[in-house]
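Number of protein chains: 2
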Amino acid sequence: MDIRDLRINGERLKSTLERMAEIGRTSGGGVHRLALSDEDKQARDLLIKWLQEIELEVAVDEMGNIFGRRAGKKDNLPPVMSGSHIDSQPKGGRFDGILGVMGALEVMRTIQENQIENTRPIMIVDWTNEEGSRFSPAMAGSGVWTGKLERDWAYARKDFHGKKIGEELERIGYKGQALAKRWPVYAYFELHIEQGPILERVGKKIGIPQGIVGIRWYDVFIEGKANQVGPTPMEGRNDALCSAAEMILQVEALPAQMGGNMVATVGEIHNDPNSRNIIPGQVHFTVDIRSWDDPLTDRAEGELQTGFQKIATKRNCPARIEKIWKVEHTPFDEFLVTQVGKIAAQLGYPSYSLVSGAGHDATYMSQVAPTAMIFVPSIGGRSHVEVENTRWEDCEAGGNVLLHCILQSAR
Amino acid sequence: MDIRDLRINGERLKSTLERMAEIGRTSGGGVHRLALSDEDKQARDLLIKWLQEIELEVAVDEMGNIFGRRAGKKDNLPPVMSGSHIDSQPKGGRFDGILGVMGALEVMRTIQENQIENTRPIMIVDWTNEEGSRFSPAMAGSGVWTGKLERDWAYARKDFHGKKIGEELERIGYKGQALAKRWPVYAYFELHIEQGPILERVGKKIGIPQGIVGIRWYDVFIEGKANQVGPTPMEGRNDALCSAAEMILQVEALPAQMGGNMVATVGEIHNDPNSRNIIPGQVHFTVDIRSWDDPLTDRAEGELQTGFQKIATKRNCPARIEKIWKVEHTPFDEFLVTQVGKIAAQLGYPSYSLVSGAGHDATYMSQVAPTAMIFVPSIGGRSHVEVENTRWEDCEAGGNVLLHCILQSAR
Chain V
0 MDIRDLRING
10 ERLKSTLERM
20 AEIGRTSGGG
30 VHRLALSDED
40 KQARDLLIKW
50 LQEIELEVAV
60 DEMGNIFGRR
70 AGKKDNLPPV
80 MSGSHIDSQP
90 KGGRFDGILG
100 VMGALEVMRT
110 IQENQIENTR
120 PIMIVDWTNE
130 EGSRFSPAMA
140 GSGVWTGKLE
150 RDWAYARKDF
160 HGKKIGEELE
170 RIGYKGQALA
180 KRWPVYAYFE
190 LHIEQGPILE
200 RVGKKIGIPQ
210 GIVGIRWYDV
220 FIEGKANQVG
230 PTPMEGRNDA
240 LCSAAEMILQ
250 VEALPAQMGG
260 NMVATVGEIH
270 NDPNSRNIIP
280 GQVHFTVDIR
290 SWDDPLTDRA
300 EGELQTGFQK
310 IATKRNCPAR
320 IEKIWKVEHT
330 PFDEFLVTQV
340 GKIAAQLGYP
350 SYSLVSGAGH
360 DATYMSQVAP
370 TAMIFVPSIG
380 GRSHVEVENT
390 RWEDCEAGGN
400 VLLHCILQSA
410 R
Chain S
0 MDIRDLRING
10 ERLKSTLERM
20 AEIGRTSGGG
30 VHRLALSDED
40 KQARDLLIKW
50 LQEIELEVAV
60 DEMGNIFGRR
70 AGKKDNLPPV
80 MSGSHIDSQP
90 KGGRFDGILG
100 VMGALEVMRT
110 IQENQIENTR
120 PIMIVDWTNE
130 EGSRFSPAMA
140 GSGVWTGKLE
150 RDWAYARKDF
160 HGKKIGEELE
170 RIGYKGQALA
180 KRWPVYAYFE
190 LHIEQGPILE
200 RVGKKIGIPQ
210 GIVGIRWYDV
220 FIEGKANQVG
230 PTPMEGRNDA
240 LCSAAEMILQ
250 VEALPAQMGG
260 NMVATVGEIH
270 NDPNSRNIIP
280 GQVHFTVDIR
290 SWDDPLTDRA
300 EGELQTGFQK
310 IATKRNCPAR
320 IEKIWKVEHT
330 PFDEFLVTQV
340 GKIAAQLGYP
350 SYSLVSGAGH
360 DATYMSQVAP
370 TAMIFVPSIG
380 GRSHVEVENT
390 RWEDCEAGGN
400 VLLHCILQSA
410 R
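As they're listed, the protein sequences go chains V and S. Taking numbering that gives the first Met the number 0, the leading residue of the first sequence gets 0, the next gets one more, and so forth. Taking numbering that gives the first Met the number 0, the leading residue of the second sequence gets 0, the next gets one more, and so forth.
These are calculated hints, taken from the structure and not from any lab test. Any given hint might turn out to be false.
[What the hints assert, rightly or not] Here are the simulated EDC-like pairs of lysine to aspartate or glutamate, each with C-alpha atoms no more than 16 Å apart in a straight line:
| id | chain 1 | residue 1 | chain 2 | residue 2 |
| --- | --- | --- | --- | --- |
| 1 | V | Lys90 | S | Asp271 |
| 2 | S | Lys322 | S | Glu300 |
| 3 | V | Lys313 | S | Glu251 |
| 4 | V | Lys163 | V | Glu149 |
| 5 | S | Lys313 | V | Glu251 |
| 6 | V | Lys90 | V | Glu21 |
| 7 | S | Lys224 | V | Glu385 |
| 8 | S | Lys224 | V | Glu267 |
| 9 | S | Lys90 | V | Asp271 |
| 10 | V | Lys180 | V | Asp151 |
[Said to hold, decoys possible] For the chain S half of the interface with chain V, some residues (derived, Cβ under 8 Å), not all of them:
| id | residue |
| --- | --- |
| 11 | Arg24 |
| 12 | Gly27 |
| 13 | Val212 |
| 14 | Gln227 |
| 15 | Thr231 |
| 16 | Val262 |
| 17 | Ser274 |
| 18 | Thr285 |
We put the CB at the ideal spot given by N, CA and C, even for glycine.
Let the sequences and hints guide you as you build the complete structure.
See below:
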């Protein structure tokens with residue numbers, strides 16, 4: 000058989016994903032499988048069973064990252080790696096993360112059953128705590144493994160109930176022996192749902208991210224003056240929530256105002272005292288700005304500062320803006336990105352070049368190894384919700400692109 | 000002595016208020032004395048001791064309302080009554096409510112020590128749970144006494160921890176024997192801080208409320224679409240919080256748009272899932288509209304409905320508006336209101352006619368008896384906060400107006 004005719008088993012990928020979706024299944028049809036929870040452990044155990052069934056060499060490192068290794072003919076060469084994460088958002092979906100792990104598993108199964116000879120070793124990986132919704136920060140497993148985060152600092156991160164990553168790794172039996180320390184990687188591929196509506200809108204099966212946008216997070220604190228609503232005339236009020244409302248609309252208008260590709264969002268707001276008959280005295284809200292274009296984001300930040308201060312002055316409600324996180328945009332490896340596009344074309348899948356608006360383990364990986372991602376469409380662009388969905392044929396298409404990316408790199 | 004020369008003892012009123020402010024004192028200089036708490040009990044015990052010291056006949060009714068009665072020469076005539084409430088907001092101030100009780104006490108002390116002969120009996124009253132911040136609804140004691148609320152329904156109202164009014168009345172020993180059932184009242188006066196900035200702005204010592212504004216409460220529920228912020232372009236988002244922000248600014252603009260005397264406020268907002276990197280999917284916020292002019296408020300409600308629906312349609316975020324409470328404006332007794340103004344003038348205090356933007360026990364009382372209120376200035380217009388303050392000389396002025404209102408009515 001010409002290796003170019005090799006395809007994954009779409010039915011098997013589907014049933015594997017369906018089996019995984021039983022672990023932490025929610026009544027709304029989604030998955031609740033928080034990092035290092037009992038559900039995460041169950042899913043990990045199942046993954047390891049499946050890895051062993053196809054005779055991969057399994058290792059768990061001290062961050063709980065799980066690796067499955069297929070030896071290569073030249074086994075000392077840096078491996079080709081592929082994977083993603085098993086953990087989900089609270090009441091999240093059945094595809095985010097897990098598709099990248101089950102996709103790589105399906106590729107490994109296909110390679111195994113067809114007795115393909117690979118020159119380089121091939122590895123599948125499940126990274127611990129990508130979502131960051133139980134333990135902040137996100138991408139903790141890949142962060143430590145790539146040397147971007149400290150292991151002991153990561154161990155000490157606590158969830159809402161005060162449980163630490165280190166303790167929870169031990170509790171579920173996934174604090175492994177291997178060092179969480181990177182080794183040379185020849186190429187890293189991550190298959191993932193788009194989590195946006197673009198592929199669906201343009202009607203393409205495969206998305207080829209050029210990289211990951213730059214992200215900035217801000218906390219905004221507004222100081223108004225709480226007072227009884229009834230006896231306090233409109234004139235002379237210092238209503239922190241009205242101030243925030245103006246700022247929220249300014250954030251929303253920012254991308255159009257700046258031009259270029261940018262999203263800006265207020266996702267979180269806290270109002271104090273938050274009482275029906277008291278004028279809001281203090282408001283805290285967050286701003287998230289993402290763009291591929293870092294200088295444009297610099298200018299947007301300046302616009303926001305100026306605009307917020309104008310509102311603060313006009314309303315006599317002082318505002319403090321704290322920048323709490325900033326990552327520049329992350330371009331993926333040009334050669335691998337091109338390769339993804341070529342393979343999609345060879346397989347007859349219409350593809351589309353875009354950028355990833357969300358962070359992934361590939362963010363850290365791209366800083367230490369040639370990296371590319373493969374996106375498949377999200378129905379309605381929805382993700383991090385129970386209705387998150389992707390057509391099975393699109394999962395299969397993504398798996399086939401991943402298969403040939405891995406084969407070409409490992410050849 | 001000409002009775003018109005009689006004055007209360009301002010120093011004594013001050014020290015009485017200061018003594019009361021020790022009960023539930025907060026580090027920020029305010030008072031935390033929630034209805035039926037241990038602090039409320041302490042303050043009640045002290046009040047009763049003071050009432051007994053001036054030989055008033057003390058009674059506690061089944062709602063915990065405390066009455067102190069000074070007999071009149073024609074003791075069968077309906078009494079003149081005056082009072083307010085001892086309970087405070089959480090971390091509230093040292094004047095709201097308690098000034099009306101201590102003011103009436105000071106009047107009683109002045110009448111007692113000057114051996115004034117009153118034709119009608121005179122009664123002081125402390126109403127249970129006026130604030131409504133521990134147990135909803137507000138004005139529960141006066142509500143039951145005036146027959147506007149059911150006793151057993153009121154008994155069953157629960158605080159945040161599930162404790163009921165009935166149980167807590169028993170616990171602190173203030174479930175009295177007397178029926179909480181109104182008797183004929185000749186005149187009811189309530190001395191209170193303004194809780195707004197108007198008297199301070201116009202530089203007057205005494206405020207003469209014509210009555211209490213009408214109040215309407217609404218709950219607004221917005222349905223957007225939650226999604227990951229990064230991969231979701233601005234175009235096509237259904238951001239429930241941006242929708243809410245537009246509506247909040249519309250509420251703020253409403254009074255100017257409608258003309259007339261009106262306040263409109265969004266005090267409370269709940270955003271879901273309220274996560275930094277998820278587009279808000281659902282928002283619930285409250286609207287409070289107050290005006291003396293009920294037909295104007297009807298029209299304002301219509302404007303809001305129309306405006307909100309426009310925003311909802313434009314953003315494709317359906318909005319549901321529920322009206323949860325409505326009270327028409329409450330005019331006070333014309334004769335008594337005029338009397339308050341005349342007495343203030345006779346005493347040489349500059350006075351100002353206004354309306355009360357907040358509810359008071361006087362709201363219920365005015366539905367069963369001729370009623371008037373006397374306002375004194377709030378420094379900076381602040382109330383329901385620890386920095387709530389009123390000048391001692393203004394407290395004294397209010398006390399003197401109350402004294403002569405009571406004397407004239409009880410003469």
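Hint check:
1. Lys90(V) x Asp271(S): Measuring from Cα to Cα gives roughly 13 Å; hence the hint holds.
2. Lys322(S) x Glu300(S): 10 Å, holds
3. Lys313(V) x Glu251(S): OK: Lys313(V) and Glu251(S) at ~15 Å, within 16 Å.
4. Lys163(V) x Glu149(V): 15 Å, holds
5. Lys313(S) x Glu251(V): The hint holds at about 15 Å.
6. Lys90(V) x Glu21(V): Within the cut-off at roughly 13 Å; holds.
7. Lys224(S) x Glu385(V): Cα-Cα ~12 Å, so holds.
8. Lys224(S) x Glu267(V): This hinted pair holds, its Cα atoms lying about 15 Å apart.
9. Lys90(S) x Asp271(V): 14 Å, holds
10. Lys180(V) x Asp151(V): 13 Å, holds
11. Arg24: Status violated, d = 20 Å.
12. Gly27: 12 Å, violated
13. Val212: 7 Å, holds
14. Gln227: 5 Å, holds
15. Thr231: 5 Å, holds
16. Val262: For Val262(S), the interface hint holds, since the closest Cβ of chain V sits about 6 Å away, which is under 8 Å.
17. Ser274: With a minimum Cβ separation of about 5 Å from chain V (threshold 8 Å), the hint on Ser274(S) holds.
18. Thr285: 5 Å, holds
Consistency note: the structure conflicts with the earlier hints numbered 11, 12.
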